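Undergrad: What follows is the residue order along each chain.
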Amino acid sequence: MSLLELETVTLKFGGLTAVDRLSFCVEEGEVFAIVGPNGAGKSTVFNLISRFYDPHEGAIRFDGHDLLRARPDAVASWGVARTFQNIELFDHATVLQNLLVGRHRHRRSNLLSEIFFTPSVRKAEIQNRHFVEEIIDFLDLQAYRDKMIAGLPYGVRKVVEVGRALATDPKLLLLDEPASGLSVEETTDMRWWIDDIRRQMGITVLMVEHDMGLVSGVSDRVLAMADGAKLALGTPAEVQSDPAVIEAYLGRAA
Amino acid sequence: MDNLQLLVSGLANGCVYGLIALGFVLIYKATEAVNFAQGDFMMLGAFVTIGLTNTEYMGLPFWISLPISLSIMAAMGYALDRFVIRLMFGQSQTAVVILTIALGFVIRFVAGLIWGHNPQTLQNPLAGREVAFGGLVLGLEDVAVIVVTVLLTWGLYEFFNRTRLGLAMQGASQNQLAAYYMGIPVKRVQGLIWALAGAVACVAGILFAAKGSVDPNAGLMGIKAFAAAVIGGFGSLPGALAGGLIVGVIEPFASRYIAAGYSQIAPYALLLLVLIFRPNGLFSQTRVKKV
Amino acid sequence: MRIVFKTDYMQDIRPWKDGQQLTLYLLLLAAAIAAPWLLDVFFLGELTNVLIWAIAGLGLMVLTGHTGQASLGHAAFLAAGCYANIILMESGMPFMLAFPLAGILTGFAGAIIAIPALRLHGIYLAIFTLALSILVDDIIVLSDAWTGGVGGKFAPPVNVFGFEIERWGTPGAFYWLVLGVAVIVTLGYVNLLRAPLGRAFIAVRDSEVSAQAMGVNVARTKTISFGLSCAVTGWAGALMGLYAGAFNNETFSVVISIQLLMMIVIGGLGSIHGAYFGAIVIGFLPQFLSIAKEYVGAVFGGSSVAIPGLEFGIFGMILIAFILLEPMGIYGRWLKVRTWFELFPFYRKDMFKRQKSYLKTERLR
Chain F
3 MSLLELETVT LKFGGLTAVD RLSFCVEEGE VFAIVGPNGA GKSTVFNLIS
53 RFYDPHEGAI RFDGHDLLRA RPDAVASWGV ARTFQNIELF DHATVLQNLL
103 VGRHRHRRSN LLSEIFFTPS VRKAEIQNRH FVEEIIDFLD LQAYRDKMIA
153 GLPYGVRKVV EVGRALATDP KLLLLDEPAS GLSVEETTDM RWWIDDIRRQ
203 MGITVLMVEH DMGLVSGVSD RVLAMADGAK LALGTPAEVQ SDPAVIEAYL
253 GRAA
Chain L
34 MDNLQLLVSG LANGCVYGLI ALGFVLIYKA TEAVNFAQGD FMMLGAFVTI
84 GLTNTEYMGL PFWISLPISL SIMAAMGYAL DRFVIRLMFG QSQTAVVILT
134 IALGFVIRFV AGLIWGHNPQ TLQNPLAGRE VAFGGLVLGL EDVAVIVVTV
184 LLTWGLYEFF NRTRLGLAMQ GASQNQLAAY YMGIPVKRVQ GLIWALAGAV
234 ACVAGILFAA KGSVDPNAGL MGIKAFAAAV IGGFGSLPGA LAGGLIVGVI
284 EPFASRYIAA GYSQIAPYAL LLLVLIFRPN GLFSQTRVKK V
Chain H
547 MRIVFKTDYM QDIRPWKDGQ QLTLYLLLLA AAIAAPWLLD VFFLGELTNV
597 LIWAIAGLGL MVLTGHTGQA SLGHAAFLAA GCYANIILME SGMPFMLAFP
647 LAGILTGFAG AIIAIPALRL HGIYLAIFTL ALSILVDDII VLSDAWTGGV
697 GGKFAPPVNV FGFEIERWGT PGAFYWLVLG VAVIVTLGYV NLLRAPLGRA
747 FIAVRDSEVS AQAMGVNVAR TKTISFGLSC AVTGWAGALM GLYAGAFNNE
797 TFSVVISIQL LMMIVIGGLG SIHGAYFGAI VIGFLPQFLS IAKEYVGAVF
847 GGSSVAIPGL EFGIFGMILI AFILLEPMGI YGRWLKVRTW FELFPFYRKD
897 MFKRQKSYLK TERLR
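Protein chains in written order, with my numbering: chain F, 3 to 256; chain L, 34 to 324; chain H, 547 to 911.
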């Protein structure tokens, strides 16, 4: 059984078919990349998995459960974490607070115990703090721990967002264009981090990315999409040499 | 016949609400800011015109003071954008709302200092005249209010949908950065919109002061006009007018058919119902944030 | 320059940074407790008023400052708390029971109102709550069997642990009652902010989509925020009623709603300090103005005329100045001054500079 399965998923916006009978599976422990030209429906696939949209037909299963029966906020508690294409951090909070929000799905306390900050809340907070500190170490964010997001450079925000997703302790990590807007060095860092996330933490990664260097460097399998439909699926090398993919990117050869 | 009379006076009131609502929507359409001081602009426009026209002040002929007060209010709108609102570029919508509420306080205070707190009526050529349609006797002022409002709304609607400047204003509202790249002078366009809103508020003020009387707290009816704009669906000019008319008509009928105290309640109760069942107004566009 | 070394996770979790900060807050609390012996009756009354406004400000701060839902209608909940408290007491319930219950009932009312308000954003929520406040004003007038209508109601003396407390009879004891409520509410607020729910509030404020993606139930979080906010505001309203002695619908008019929101903006949105700073401005502005007027009258002669609307005019100008020059309010300015001292002589001018952002449209693109 695969970790994530999409089966003939279709989503229409008015007359536009954003995702067209798309099926694919993500296996446990792999790095799976989705590539495709702008408007191919890559981010829409993420938003479908996050339950921001309801598909018109098809099924999405995660870890053997029907994902489409979950509320949007329940997706995270099942172990799916994500980042956003245009960075959606909590701008007027510190890096630490942002990462701690990632621990929200592990909250066991209730309103009253939190108002009185009972010893059990205190214990849970120390554990959360400890977990988050390990992520800060892993992503080299020590220098920014108590800084407000609103003052941070773009590259750091991108890393903080990955950290926040990791703080949820997910089974599946969705990365929406992790390298967009990053410098060459930052992209290289990101590449090693994605590798480590998979190897050290054992987290399955599904990512949307344009940077083919990063994609072929870290991913085990690649899905190429165009106009909401599947073009090709295989290893990075196979997909890059697929005639349909070349045509979608470069146009038909004369 | 009684109901008809009630309807016409309600419509005339509604037109003033509609005109203030129009000012809200104009600014919102072009800048996505909400000018909560629009009602106080209306009050200020009324007082400026009274100050120019009434015999106890400057005593100018109405048709001369009209263009002067329109220009003064337009300049006020422009200056407000240029020297206050523009400094807030990038701050949240709520911050602008709070700022303009505070501005309303200041305008009310200043108007009270200059013109005092007693209600005053604008001396105008239409005062006291009546026209009869069949058995229906209407104040000429009420008729003028309705005619002016309909013409103004229609003109603005055409302006936004037909002229280059109007389209540029719409573009500037939907994406400031993109509009800027397309060569639209975003800042100047916004200034013009605020000037236009100032002039519209002035028209509303003149009509209001001509058919009744105005005091510094009259600006508070901006809240009711805002309710009207929301009922009509923020972002649509004809919607704003329709919302204003609905509020204007519902008031006298509520106090007539339910009880006197209910004319105050009815518009807000309607507003709550609209917000609960059609959160984006009766004539709405839906909104979804893209991620 | 002062440096705090971190060696323990508890340093981030407990509400004070180090012993020095804790000492300062304890000294402040000690001074507050000693106030009845230090101040005359008039200023003690003013201080009580400031504390009541601060409690109301804390209530609104939860919702607006930390959850990002602007409410222009909190006078409605002040009224609800006030009338609930008095009506419960008139029906024979002791104050010690009626007072907490009044807040809890108001909280539930707020949570119920949150349900339709959940779908509303920004200005729509603002106008929704504004309309609510206006309606409650009218409803108080119309349901005079319960509320006494425009005639209003009188607050009886209350009994706390066997002590008879009344605003005029025992101003010191009334002050301590208010101070006690303020301290309890503040401590609960501090605890909430360092716990998961407080962070969920901030998450909802800054980005609903990503809060949701992190497993925060946005609708429930907003509802809880509304409930908590209204409960605290209800308590403030109950105290306001006792403080005023007599009250009617005018005591809780829509102007009070607007004033409350402006108060926390001046104080600094998103901070507990902000509620207190704002309350100090609101509470002492009328006194300050009358002193200033006397002074002007003494120097230039004869200006003892009352200027109607002066208070609101000045208040509006202060607010405009703050929004334009210091959007983070008094608390933001205070932070800068504090940082300047802590980092002396290394403070840089652009330390608190934020990136300028283009207007983010909130409607459909």
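Don't take every hint at face value.
As the list claims (entries may be wrong) - Taking lysine-lysine pairs in the PhoX-like style, the calculated list, with each CA pair at most 20 Å apart, reads:
hint, chain 1, residue 1, chain 2, residue 2
1, H, Lys552, H, Lys563
2, F, Lys149, H, Lys552
3, H, Lys839, H, Lys563
4, F, Lys149, H, Lys563
5, H, Lys552, F, Lys125
6, L, Lys220, L, Lys62
7, H, Lys839, F, Lys149
8, F, Lys14, F, Lys232
To be clear, the hints were calculated from the coordinates, so they are not data collected in a lab.
Because the structure is a prediction, the values reported are computed rather than measured.
Undergrad: With reference to the structure, classify each hint as holding or not holding.
TA: Hints, one by one, checked against the model:
no.: 1; hint: H/Lys552 with H/Lys563; result: holds, 10 Å
no.: 2; hint: F/Lys149 with H/Lys552; result: holds, 15 Å
no.: 3; hint: H/Lys839 with H/Lys563; result: violated, 43 Å
no.: 4; hint: F/Lys149 with H/Lys563; result: holds, 15 Å
no.: 5; hint: H/Lys552 with F/Lys125; result: holds, 18 Å
no.: 6; hint: L/Lys220 with L/Lys62; result: holds, 14 Å
no.: 7; hint: H/Lys839 with F/Lys149; result: violated, 45 Å
no.: 8; hint: F/Lys14 with F/Lys232; result: holds, 16 Å
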